[in-house]
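*Asks:* Got chain A sorted already, so can you dock chains B and C onto it with the hints?
Chains as they are written, first to last, in the numbering used here: chain A, 1 to 95; chain B, 1 to 478; chain C, 1 to 484.
Treat the hints as calculated values from the structure; they're not laboratory data.
Warning: the hint list may mix true and false statements.
[As the list claims (entries may be wrong)] Across the chosen pairs, the derived CB separations fall in these ranges:
#1 A:Ala78 <-> C:Asp369: 57 to 63 Å
#2 C:Ser295 <-> A:Ala78: 54 to 60 Å
#3 B:Gly102 <-> A:Ala78: 54 to 60 Å
#4 A:Leu5 <-> B:His132: 32 to 38 Å
#5 B:Phe29 <-> A:Ala75: 19 to 25 Å
#6 B:Asn215 <-> C:His365: 21 to 27 Å
#7 A:Tyr59 <-> B:Lys18: 19 to 25 Å
Heads up, the beta-carbon is just placed ideally off N, CA and C, and yes, glycines get one too.
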Amino acid sequence: MSLSLEDIQRIARLARIRVSETEAAQTGEQLNGIFKLIEQMQAVDTGGVAPMAHAQEVYQRLREDAVTEPNRREAFQAIAPQTEAGLYLVPKVIE
Amino acid sequence: MQWETVIGLEVHTQLTTKSKIFSGASIEFGAEPNTQACAVDLALPGVLPVLNRGAVERAVKFGLAIGAKLNRVNLFARKNYFYPDLPKGYQISQFELPIVEGGALTIQVGEEQKTVRLTRAHLEEDAGKSLHEDFHGMTGIDLNRAGTPLLEIVSEPDMRSAKEAVAYAKALHNLVTWIGICDGNMQEGSFRVDANVSVRPVGQQEFGTRREIKNLNSFRFLEQAIDYEVRWQIEQIEDGHKIQQATVLFDPDTGETRMMRTKEEAHDYRYFPDPDLLPVQLDDELIERMRSELPELPQQKQSRYQRDFGLSAYDASTLTSTISTASFFETTTEALTAPDHKLAANWVMGELSGTLNKEGLDIADSPIKPKSLAALLGRIQDGTLSGKLAKEVFAAMWAGEGEADAIIEAKGLKQMSDAGEIEKIIAEVLAANPKSVEEFRAGKDKAFNALVGQVMKASKGKANPAQVNELLKQKLAG
Amino acid sequence: MTDSSLKQLAALLAEGKTSSVELCTEYLDRIAALNPTLNAFITVDRDKTLLEAKTADTRRAQGGTGTLLGVPIAHKDIFCAEGWPTTCGSKMLSNFVSPYDAHVISQFKAAGMPSLGKTNMDEFAMGSSNETSFFGPVKNPWDLKAVPGGSSGGAAACVAARLAPAATGTDTGGSIRQPAALCNITGLKPTYGVVSRYGMIAFASSLDQAGPMAPSAEDCALLLNAMAGFDARDSTSLQRDKEDYARDLTQPLKGLKIGLPKEFFAAGMAPDVAKAIEAAIAEYRTLGAETVEVSLPNMGLSVPVYYVLAPAEASSNLSRFDGVRYGHRAAEYGDLTDMYERSRAEGFGAEVKRRILIGTYVLSHGYYDAYYIQAQKLRRLIAQDFIEAFKQCDVMLGPTAPTTAFDLGAKNEDPVQMYLSDIYTIAVNLAGLPGMSLPCGFGNDGRPIGLQLIGDYFAEARMLNVAHQYQLATDWHQRTPEGL
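With the rest of the complex left out, here is chain A (with noise of 0.2 Å):
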């Protein structure tokens, strides 16, 4: 299996990183080196093996419903790159 350039920008986009195409390039030999690694994997026969997706085999802890959190808008938008009137500022979005 190989990653092609359109491969790279396509991924690139889904993940919303800009890559040029010089960088798609090198990036895509690097990771072609990994998923020659990766590939590893598709030796095993793994027929009838449940997928692990947590460490413990323990379910969902419940929360109590109730309002815990006070306003803390201040704090948090002093941090925030663009605000006004208590909002956060994006470049327009279009529907």
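*Replies:* Just chains B and C, lined up with the frame of chain A:
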């Protein structure tokens, strides 16, 4: 060619919890922007989600109410996409193993009943809001709504017309408010409908290509949008075009749908189980507790009204169109000294509903409460009021003039039931109308009605009509 | 005083022979002198530290008696600490001052341990050499030409150079144990779920676990006592009774069964590392332990499995860094997508981008089953290997890293070679088991060698006992680099 419409609905219902699905921030509507967005809702680095028990309980209640399968172990997954109102860059939702699978809902379309099957209902978090007013050409983001618990309810493509889709949406709206898991407020976005619409030639087995109409926030728009979309799709096909799978928006101003994105532009959501959340187990205790908290459901009430009260299917369905209507009806009948369900049903569906509609009021906000209505009906039952007088008293009660008895007293509207008094009037009327008496004796039944009318008039409408009938017959026979 | 163990420092404070302010001042002076050479800290704030020290001294004056009250600690810059810059080694968060405390930070605050600052690390904990930090590489105190290991490289280096008596670290695939090995200190990764992840910036959520780094196992036990415990804010935090991790330290090792996974001892280990490990095994036999060969047949697949699962989770975890609510936003951009793409391209370094791209790819449509699900299935096989092996032994032993610290820049151009240096540590994270590294000698190049112990689930106390008894018999862990 004859076309058949195929519709499936996806409804996002906002759950009536106090706090968010994964954080302890409030979900109260209408707060100042971002004052109800805590560290978890803002996706600050390092924060983690913890599932709200209240959201799970409400989903279980819904599953029980529609006779669905509850997945004893269900999973949360991440749906990955970038959008400024989605702070984590993924939405926590359920993908494989949702909490509720299957189930069905019975809908009433005119005189017909129909069953709509449900595919699934899953828990997820809501996104924030983008405010498009102009902030120097930028968009403002309010994350108060981010993390609000939603139950997304997905139907099978079982509906065949906009009318059926609306009936289903209304029945679902009734059910979720009935069992108290959603406040049903459509203006505030508590109940949002997406419609998947396709058309196919009548008789064709496979479905046509569907387009999804997003975010319909009223039943009227739902109907308009589907009607438009169906016409549009048929036109396209008849003009030789193919329908492309797409997501569209309905514009209430133009009454048209417009394309948002095609399938080719569709997101690759990269769903995977959320490693921050463990599998959710529904134990017997929780399920049985929710079962015991479930009120009698609309369907169950309808059967009972027909079986025990002798009401028609139509009446039973009308009286259970909302839980407040049913509860108004039941409280009214319970307050009657001599139960008469038909009488109560007629008044709730007739005079009360009519007046509420005219005033644009919800039955829960009716100025006349069930106890007061029952007192009024009691006066019909004991012969104090005729139907006509009762309507007058009802109007006065609506206007806030007091309880039925007080109004009857103040206006002197009490029905005349004293035989002696009525006989006196009859005697006077007969004396004054010899011609009518003669005609009656000659076999003209109409003349009898005229005499009744005269008696009622002379009594200023207060005489008991049944009693007048009887006494007049006796007199004329004598 | 900076040569003292935590226990000794605690005793000095308890006896009133020193104050927290005095102690912190001494460490801060050492940091001021040596950090320009080592680059172990990203943020040092003398005033903040001394204020916390003063608070600790006041607590003691008012009768406070916590075991570690007043003893300073350095925190990996992955832990959100209110009012402290918390960068995670990234340009993306270079301007981020945390508005809240991680659970680990709260725990140490509650214990009365002043923070000496935030230690350098590989960007978002992605790296094995500390070279991916936006703030520049950390130098290994034992050899300034060598890497300190990663991702908790700053933590390991600052403890090794005695710029701090202890430090916090995090371990997703070896990020506590490998730098501990390369810098001649002791580091422990607890069982997954023992320490809350709340406020610890996520790399791979199902693998990340915080743990202590200090000169000795005894120190680590005391630190783990402060760190561990249930936290309702982390759904994966386990509800267990509080335990004293130091309770078994003094138990003799007679009858202990040490498992030697044969896959650890196959080709791949450098000869000088192999020699040191053999010597350690001999020492354990002297202490009364038995050894038994065990097998972890699927261990060889742990690196490929890890490089599917960790990047997949990371690609999603790092989506929140979008320049909207905090963190880096590009100075110039066009539309919304452009703002995202530029901010993230500028804010993330090359290794982080590589892993986000790998993760995005393995989760994308059409590849999910072949990569992600296959990796999760293999993860189960790897975990089951450990469960089987623990039927035959109490702890397992092997090397932490295949070689001593490599030179700065040696593996920068070859990510695969860098990834393979974590071959001995990754499987432990996949299984969720506790593991630790302790000093066991020096290589031909004079650089330290680490011995890895792997415990069964929740067997931290036993593992610490095994490490402590070795440290009573040897002095590797007491050696400090010369010339600093």
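*Asks:* Does each hint fit the structure? Answer for all of them.
*Replies:* We went through each hint and held it up to the structure:
Judged by the Cβ atoms, the range 57 to 63 Å given for Ala78 of chain A and Asp369 of chain C is violated: they are separated by roughly 45 Å. For Ser295 of chain C and Ala78 of chain A, the hinted distance range of 54 to 60 Å is satisfied, since their beta carbons lie about 55 Å from each other. At about 49 Å, the CB distance of Gly102 of chain B to Ala78 of chain A disagrees with the hint of 54 to 60 Å. Separation of Leu5 of chain A from His132 of chain B is about 37 Å and conforms to the stated range, judged on CB atoms against 32 to 38 Å.
For Phe29 of chain B and Ala75 of chain A, the hinted distance range of 19 to 25 Å is satisfied, since their beta carbons lie about 24 Å from each other. With their beta carbons about 25 Å apart, Asn215 of chain B and His365 of chain C fall inside the hinted range of 21 to 27 Å. Taken as a hint, the range 19 to 25 Å holds for the pair Tyr59 of chain A and Lys18 of chain B, whose Cβ atoms sit roughly 23 Å apart.
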